[in-house]
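Just so you know, the sequences run in chain order A and B.
Each residue of the first sequence is one higher than the last, beginning at 199 in the numbering used here.
Each residue of the second sequence is one higher than the last, beginning at 10 in the numbering used here.
Hints are computed from structural coordinates only; laboratory data are not their basis.
Hints may be right or wrong, so weigh each one.
[Said to hold, decoys possible] In silico PhoX-like pairs for lysine-lysine, Cα to Cα no more than 25 Å straight-line: (1) A:Lys416 - A:Lys462; (2) B:Lys239 - B:Lys81; (3) A:Lys265 - A:Lys416; (4) A:Lys310 - B:Lys193; (5) A:Lys455 - A:Lys443; (6) A:Lys310 - A:Lys379; (7) A:Lys414 - A:Lys443; (8) A:Lys462 - A:Lys414; (9) A:Lys210 - A:Lys265; (10) A:Lys275 - B:Lys193; (11) A:Lys220 - A:Lys265; (12) B:Lys30 - B:Lys40; (13) A:Lys265 - A:Lys414; (14) B:Lys193 - A:Lys260; (15) A:Lys310 - A:Lys275; (16) A:Lys271 - B:Lys193; (17) B:Lys193 - A:Lys265; (18) A:Lys260 - A:Lys220; (19) A:Lys210 - A:Lys455; (20) B:Lys239 - A:Lys308; (21) A:Lys308 - B:Lys30.
[Said to hold, decoys possible] Chain A side only, calculated, beta carbon under 10 Å to chain B, not exhaustive: (22) Gln283; (23) Ser286; (24) Met291; (25) Ser300; (26) Ala328; (27) Phe331.
[Stated by the list, open to error] Facing chain B, according to a computed beta carbon distance under 10 Å, are these residues of chain A, among others: (28) Gly257; (29) Gln261; (30) Leu277; (31) Gly284; (32) Ile287; (33) Thr292; (34) Ile303; (35) Arg304; (36) Arg347; (37) Ser351; (38) Leu357.
We put the beta carbon where it would ideally sit given N, CA and C, even for glycine.
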Amino acid sequence: MVNPTAAITLEKLTKIFYARQKEIVALDNINLSVREGEFLCIVGPSGCGKTTLLRILAGLEKQTRGKVIIRSKNPDKPLTSMVFQGDSIFPWMTVAENVAYSLRIRGFSKNKRREIAQQYLKLMGLEGFADAFPHQLSGGMKQRINVARAFVSDPEILLMDEPFGALDEQNRLLLQQELLKIWEGSGKTSLFITHSIDEALVLADRIMVMTAHPGKVKAVVPVDIPRPRDIMSLRSSPNFGALFKEIWLLLQEEVQKAKSMELKK
Amino acid sequence: MSLAEETLQKQLGQIIIKEAKGESKSAVLDKSLFLKILAFLSPSLLLVLWEILARLEIVDIRLFSSPVMIFKTMLPMLYSGELLYHTFISAQRIVLGFLAGAVPGVILGLSMGLFAPIRACLMPMVSATFPIPKLAIMPLILIVFGLGEASKIFTIAIGVFYLVLINTMAGVLNIEDIYLDVAKNFGASPYQFYTTVAFPGALPMIFAGFKLGMGTALLLIVAAELSAAKAGVGWMVWRAYDMFDIEKMFVALITLAFLGYIFSYLLETAEKIVIPWQNNRR
Numbered sequence: 199m200v201n202p203t204a205a206i207t208l209e210k211l212t213k214i215f216y217a218r219q220k221e222i223v224a225l226d227n228i229n230l231s232v233r234e235g236e237f238l239c240i241v242g243p244s245g246c247g248k249t250t251l252l253r254i255l256a257g258l259e260k261q262t263r264g265k266v267i268i269r270s271k272n273p274d275k276p277l278t279s280m281v282f283q284g285d286s287i288f289p290w291m292t293v294a295e296n297v298a299y300s301l302r303i304r305g306f307s308k309n310k311r312r313e314i315a316q317q318y319l320k321l322m323g324l325e326g327f328a329d330a331f332p333h334q335l336s337g338g339m340k341q342r343i344n345v346a347r348a349f350v351s352d353p354e355i356l357l358m359d360e361p362f363g364a365l366d367e368q369n370r371l372l373l374q375q376e377l378l379k380i381w382e383g384s385g386k387t388s389l390f391i392t393h394s395i396d397e398a399l400v401l402a403d404r405i406m407v408m409t410a411h412p413g414k415v416k417a418v419v420p421v422d423i424p425r426p427r428d429i430m431s432l433r434s435s436p437n438f439g440a441l442f443k444e445i446w447l448l449l450q451e452e453v454q455k456a457k458s459m460e461l462k463k
Numbered sequence: 010m011s012l013a014e015e016t017l018q019k020q021l022g023q024i025i026i027k028e029a030k031g032e033s034k035s036a037v038l039d040k041s042l043f044l045k046i047l048a049f050l051s052p053s054l055l056l057v058l059w060e061i062l063a064r065l066e067i068v069d070i071r072l073f074s075s076p077v078m079i080f081k082t083m084l085p086m087l088y089s090g091e092l093l094y095h096t097f098i099s100a101q102r103i104v105l106g107f108l109a110g111a112v113p114g115v116i117l118g119l120s121m122g123l124f125a126p127i128r129a130c131l132m133p134m135v136s137a138t139f140p141i142p143k144l145a146i147m148p149l150i151l152i153v154f155g156l157g158e159a160s161k162i163f164t165i166a167i168g169v170f171y172l173v174l175i176n177t178m179a180g181v182l183n184i185e186d187i188y189l190d191v192a193k194n195f196g197a198s199p200y201q202f203y204t205t206v207a208f209p210g211a212l213p214m215i216f217a218g219f220k221l222g223m224g225t226a227l228l229l230i231v232a233a234e235l236s237a238a239k240a241g242v243g244w245m246v247w248r249a250y251d252m253f254d255i256e257k258m259f260v261a262l263i264t265l266a267f268l269g270y271i272f273s274y275l276l277e278t279a280e281k282i283v284i285p286w287q288n289n290r291r
């Protein structure tokens, strides 16, 4: 069943957490195949195991059952890099050191690290902040560094866990535009969790909708909007409204299910 | 106010006008200068009050001396180099004892914070021995290390050691999980993890341990110099006690305060250099 051209194949992926004699099924028989160079967005109600899925792919957690198959083209490159939800920028490193962290791990020289960091800082509009410490920066700037840090490591697969979730609307739009620009240039296979249907439509090639607890794949919806995309003109694309409605109808059911489960507890 | 104005005011109700013409920069400066003067003036006034009360014999000068008398005792001690000599001896003991306690404290604290098996092995012993007052161990230290410098340095070291150890361990354990995840996701080796996350992440707590340790070191120097010492500021205090030389005792106390100030200043300066990324709220 393994698709040989897929970058990622998940087969009956199941994750069960054991807490106080109770089994909590976070992921239940997930089957999914992600094409190489595809941008897949994952939406679903809170607590449906989206983050767990990404953490398994990032090697931070191990599945209980099932298979993860990742096709690696270049064994010298890191397999995955994750952009974490929340503030994961090291406060004890400068902006440049944070951005180049993966290069330090891989033993690049100081000069080389600095050079590559500068390049990405420029791309993210952060030039001039190379030697600043994170506490001097705004939330939007920190998330730019977070994204830049993942791109610098040049992984085969990019994993992003609601990277813009905590940002205000204006910063969110700016970062979406910047991510589109930097991603469309790289063509990296990417998985991106979001709560925002809007954001998913802006970024994704396909959107995976997950069910409420336990997390299953409810539907995978292709987003037929041509690239390169622009966050403004994209919204006036004829497909945008219809897709928004389609995703929302799928999601609404699950959100309500999650809510009623919450009430039962 | 004319009658017309009064009627007008009745009709319109009271009009409240709050107008600002801008606070001049010099006014802001004047305010901070005023606070500085106040901070300087209040202790000075206290000294003057002390002197007056001593002269009026309301305060017993045999017990509490007076600022002028203390100053008169201090000057020749400064000129002769006697005070400097004792200060130097004590400072040397504090620095050596501090290093002897802090360095193993940091190393062991990091290891205990990072490796659960090491923590499981050593924590019971640390928990059992930490509450023992360090002064109670002094006689044992004297028996083991003799009456020389080693016993004094060791007394200070053991007090510093525990505080640095416990703070360092807590510093490592309190590093947020997300940073550990980042290092893991980027494939950091155990050594890289130690140098890029564990150590820098624990540094603020390590410095908190250093500061607490320094406070204890100052406490212990006085106790350590009580027995079998021939020099040092702590010795001066006890010597003055034996001789009932209140002025000399106050000189020694002032010197101790000065030593404490210098050491905490040095630690804070070091902290600012080593942890430039800390958000300074001070």
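Evaluation of the provided hints:
no., hint, verdict
1, A:Lys416 - A:Lys462, "23 Å, holds"
2, B:Lys239 - B:Lys81, "24 Å, holds"
3, A:Lys265 - A:Lys416, "19 Å, holds"
4, A:Lys310 - B:Lys193, "23 Å, holds"
5, A:Lys455 - A:Lys443, "18 Å, holds"
6, A:Lys310 - A:Lys379, "24 Å, holds"
7, A:Lys414 - A:Lys443, "21 Å, holds"
8, A:Lys462 - A:Lys414, "21 Å, holds"
9, A:Lys210 - A:Lys265, "7 Å, holds"
10, A:Lys275 - B:Lys193, "15 Å, holds"
11, A:Lys220 - A:Lys265, "24 Å, holds"
12, B:Lys30 - B:Lys40, "18 Å, holds"
13, A:Lys265 - A:Lys414, "15 Å, holds"
14, B:Lys193 - A:Lys260, "14 Å, holds"
15, A:Lys310 - A:Lys275, "17 Å, holds"
16, A:Lys271 - B:Lys193, "22 Å, holds"
17, B:Lys193 - A:Lys265, "21 Å, holds"
18, A:Lys260 - A:Lys220, "19 Å, holds"
19, A:Lys210 - A:Lys455, "23 Å, holds"
20, B:Lys239 - A:Lys308, "53 Å, violated"
21, A:Lys308 - B:Lys30, "54 Å, violated"
22, Gln283, "9 Å, holds"
23, Ser286, "5 Å, holds"
24, Met291, "7 Å, holds"
25, Ser300, "5 Å, holds"
26, Ala328, "14 Å, violated"
27, Phe331, "4 Å, holds"
28, Gly257, "7 Å, holds"
29, Gln261, "17 Å, violated"
30, Leu277, "9 Å, holds"
31, Gly284, "6 Å, holds"
32, Ile287, "9 Å, holds"
33, Thr292, "8 Å, holds"
34, Ile303, "5 Å, holds"
35, Arg304, "8 Å, holds"
36, Arg347, "8 Å, holds"
37, Ser351, "6 Å, holds"
38, Leu357, "8 Å, holds"
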